[in-house]
Amino acid sequence: MEWKRKDLLGLEELDKEEIELILTTAESFKEVSHRYIKKVPALRGKTVVNLFYEPSTRTRVSFEVAAKRLSADVINIAAETSSVKKGETLIDTGRNVEALKADIIVIRHNSSGSAHLLARNVGISVVNGGDGWHEHPTQALLDMFTLKEKLGRLKGLRVSIVGDIAHSRVARSNIWGLTKLGAEVIICAPPMLIPPRIEAMGVRITHDIDDALRDADAINVLRMQFERDERNAFPQQIDYFRHFGISTERLKKAKKNIIVMHPGPINRGIEMSSEVADSANSVILEQVTNGIAVRMAVLYLVSHAHDKINEATD
Amino acid sequence: MKLLIKNATIVDPACDVYAELDMAIEDGTISHIGAHIKEEAETVIDAKGKVLMPGLTDMHVHLREPGREDKETVATGTVAAIKGGVTALLAMPNTEPAIDTKEHVQLLKGIIGRSASAHVYMAGALTKGRQGKELADFAAMQEEGIIALTDDGSSVDDEGLMRSALRLARERGLLVICHCEEKTLANSGVVNLGLISTKLGLRGIPCEAEYKRVARDILLAEEAGCRIHIAHVSCEKSLEIIAKAKKRGVQVTAETAPHYFTLTEDAVSGYDTNKKMNPPLRSAQDKEAICQALRDGTIDVIASDHAPHTESEKEVEFDFAEFGVVGLETLLAVSITELLHTKVLSLPGLVRKLSCNPSAILGLCKASLKKGCQAELIIVDLHKEWQVTKRSLVSKSKNSAFLGRRLQGVVEYVILGDRVVHQARH
Numbered sequence: 034m035e036w037k038r039k040d041l042l043g044l045e046e047l048d049k050e051e052i053e054l055i056l057t058t059a060e061s062f063k064e065v066s067h068r069y070i071k072k073v074p075a076l077r078g079k080t081v082v083n084l085f086y087e088p089s090t091r092t093r094v095s096f097e098v099a100a101k102r103l104s105a106d107v108i109n110i111a112a113e114t115s116s117v118k119k120g121e122t123l124i125d126t127g128r129n130v131e132a133l134k135a136d137i138i139v140i141r142h143n144s145s146g147s148a149h150l151l152a153r154n155v156g157i158s159v160v161n162g163g164d165g166w167h168e169h170p171t172q173a174l175l176d177m178f179t180l181k182e183k184l185g186r187l188k189g190l191r192v193s194i195v196g197d198i199a200h201s202r203v204a205r206s207n208i209w210g211l212t213k214l215g216a217e218v219i220i221c222a223p224p225m226l227i228p229p230r231i232e233a234m235g236v237r238i239t240h241d242i243d244d245a246l247r248d249a250d251a252i253n254v255l256r257m258q259f260e261r262d263e264r265n266a267f268p269q270q271i272d273y274f275r276h277f278g279i280s281t282e283r284l285k286k287a288k289k290n291i292i293v294m295h296p297g298p299i300n301r302g303i304e305m306s307s308e309v310a311d312s313a314n315s316v317i318l319e320q321v322t323n324g325i326a327v328r329m330a331v332l333y334l335v336s337h338a339h340d341k342i343n344e345a346t347d
Numbered sequence: 097m098k099l100l101i102k103n104a105t106i107v108d109p110a111c112d113v114y115a116e117l118d119m120a121i122e123d124g125t126i127s128h129i130g131a132h133i134k135e136e137a138e139t140v141i142d143a144k145g146k147v148l149m150p151g152l153t154d155m156h157v158h159l160r161e162p163g164r165e166d167k168e169t170v171a172t173g174t175v176a177a178i179k180g181g182v183t184a185l186l187a188m189p190n191t192e193p194a195i196d197t198k199e200h201v202q203l204l205k206g207i208i209g210r211s212a213s214a215h216v217y218m219a220g221a222l223t224k225g226r227q228g229k230e231l232a233d234f235a236a237m238q239e240e241g242i243i244a245l246t247d248d249g250s251s252v253d254d255e256g257l258m259r260s261a262l263r264l265a266r267e268r269g270l271l272v273i274c275h276c277e278e279k280t281l282a283n284s285g286v287v288n289l290g291l292i293s294t295k296l297g298l299r300g301i302p303c304e305a306e307y308k309r310v311a312r313d314i315l316l317a318e319e320a321g322c323r324i325h326i327a328h329v330s331c332e333k334s335l336e337i338i339a340k341a342k343k344r345g346v347q348v349t350a351e352t353a354p355h356y357f358t359l360t361e362d363a364v365s366g367y368d369t370n371k372k373m374n375p376p377l378r379s380a381q382d383k384e385a386i387c388q389a390l391r392d393g394t395i396d397v398i399a400s401d402h403a404p405h406t407e408s409e410k411e412v413e414f415d416f417a418e419f420g421v422v423g424l425e426t427l428l429a430v431s432i433t434e435l436l437h438t439k440v441l442s443l444p445g446l447v448r449k450l451s452c453n454p455s456a457i458l459g460l461c462k463a464s465l466k467k468g469c470q471a472e473l474i475i476v477d478l479h480k481e482w483q484v485t486k487r488s489l490v491s492k493s494k495n496s497a498f499l500g501r502r503l504q505g506v507v508e509y510v511i512l513g514d515r516v517v518h519q520a521r522h
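Sequences listed follow chains W and R, in order.
Numbered per my numbering, the first sequence spans residues 34 to 347.
Numbered per my numbering, the second sequence spans residues 97 to 522.
Please keep in mind that the hints were generated in silico from the structure rather than gathered at the bench.
Treat each hint with caution, since some may be false.
Computed footprint of chain R on chain W, listed as stretches where at least three residues anywhere in the stretch have a Cβ under 8 Å from a Cβ of chain R [to be verified]:
(1) 162-168
(2) 224-236
Residues on chain R that point at chain W, a partial pick, calculated with CB under 8 Å [stated by the list, open to error]:
(3) G290
(4) S293
(5) T294
(6) G366
(7) D392
(8) E413
(9) F419
Glycine included, C-beta positions come from ideal geometry on N, C-alpha and C.
Please build the complete structure, drawing on both the sequences and the hints.
Right, here's the structure in full:
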């Protein structure tokens, strides 16, 4: 199996083998972060540009660390969302970055589909670092990597995703990735936060958190973004914790070794209690560590595919 | 000046003609229709195997002039129209400035007089500046020649104002064209609310946003006794409401556009902004319902909703891209490919939706091939294939939802009066 895409835009368009290839490549990169000299020359001489239209510390830093451990040069651009009427368009910005002879753009943007737009308009590699409510493929990949590391497999696992599914790119990417690899996915949220017809993506819906926890091998708890939901989605933060928050009491009814994940940053006391976040079930910090290996794998694979495509057309 | 068209399959639903015949046109007027006309003529066209039909009347066109000549002008838009077989069209008033006063109608009329190569009819705005706050002066605009009223692009939210508008329009015998959209329900959406909005993570527009406003406008029009026409119907529920209203005698007609009977929400996958329009592409079930409504007569008209936008307005993030697609040049070919060749509509049925019905709704004495009528007709090769590409389009904007598609149906000749104004290149 060979990786052939110059871009990583989402998990929807990937097949099972491609996802597995990223995960196994990440396994081999994980060890680099444990070396005395945490660096390999895989991307030496390459330039990675983090083009971030949304404030994000953890994803940006994770990509930066990943690129640097591959010996790439990294440039961070914190850009303003450009509308049609003012400022530079996304395509123009992308072409300017390309003209700097950068090799990979990692884009984070609050508009769904922006990574696709950029990828269509530049010749260099584009990695989606999160686009609107659409996809956040590297987050889902690191979630899957962590699960596989902990439980030895993904096929047949029951994974519940809890929280604001409607506005979550993490949820969408996890749903695509996990279902392709044979896991059973349950989503749990108040009805207003479940987008229409999502069951067609191969998930089961529940509004009952105890149901979501029952027999689950893992639970992925999304960050509640009350500031994002303009109208009437959920009345009160305190209500949210009462009905959907993960507490120690609730966790007692779940499998003893249930894995608790969270893409961060956590709102302690809203989507989960502090106790749970810091419990033995929690793998939240391991997710952060694994994020580096997964992003190293992605940067490495797209960069090599791009070079191959270029050689072929030369 | 005499023109003779030989061996054409003449389709004229107005006169119940559907046969292979000859037609003679003298000084711009149809002088003779019959088998084997043996007359001398300056120009003879052999139309064997081709269809001769009335020119299309496209009652939903955004020509963008005055104000947005970077997107389209009356000149470029009407050249595109003629190429697509559209000999008459209704220009929407959402220009800059809006066509909402006597002076603005005069301004547009002047531009049309100078630069239109097809018949352009004018619609005036219902409210000043299309702001939905204060009614425009219907009488003054009508004196200058508008034949319909619409705030197309938006709906008049204020129900009291809409009620008054319908009463005044009725008094003046003006048709009101309704863009049915309830903004709070549309919720700043950009695609259909459903699996596609879920998959793409985009804000969805529910069907309620359309059909609730269809219902309101029908009820208000019924009470006012005003004729209304529902523009660009996209979903099944709207059709149910329209069908019921027609049954109880409300003077309501309805239109759809080719993208609604050809494409579904799935076409938006990959964030193609040339599939972004308002109302949005709906589900497969809605598309099927549109076809059924074309068949059973609930939908009277197929119009293009030609909405040109520049590339820089379309090649942006999906959320930021303008709504709308061009359609003048594909209106007929998509209808032939998707409705005629698939047997949704018969050929006379298709001609009714594209020519006879819109012409009748607008009160134009057109779309007939009767002896004595002014010639306004097209000759079409129903089977000739072509591919829609940016280069194939003569409209100033290239934002077609059908780019890349192969279509059947080419307009071979367009005849206006005694002139052949368009002849397809071979």
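**Prompt:** Okay, which hints does this one fail, numbers in order?
**Reply:** 7 and 9
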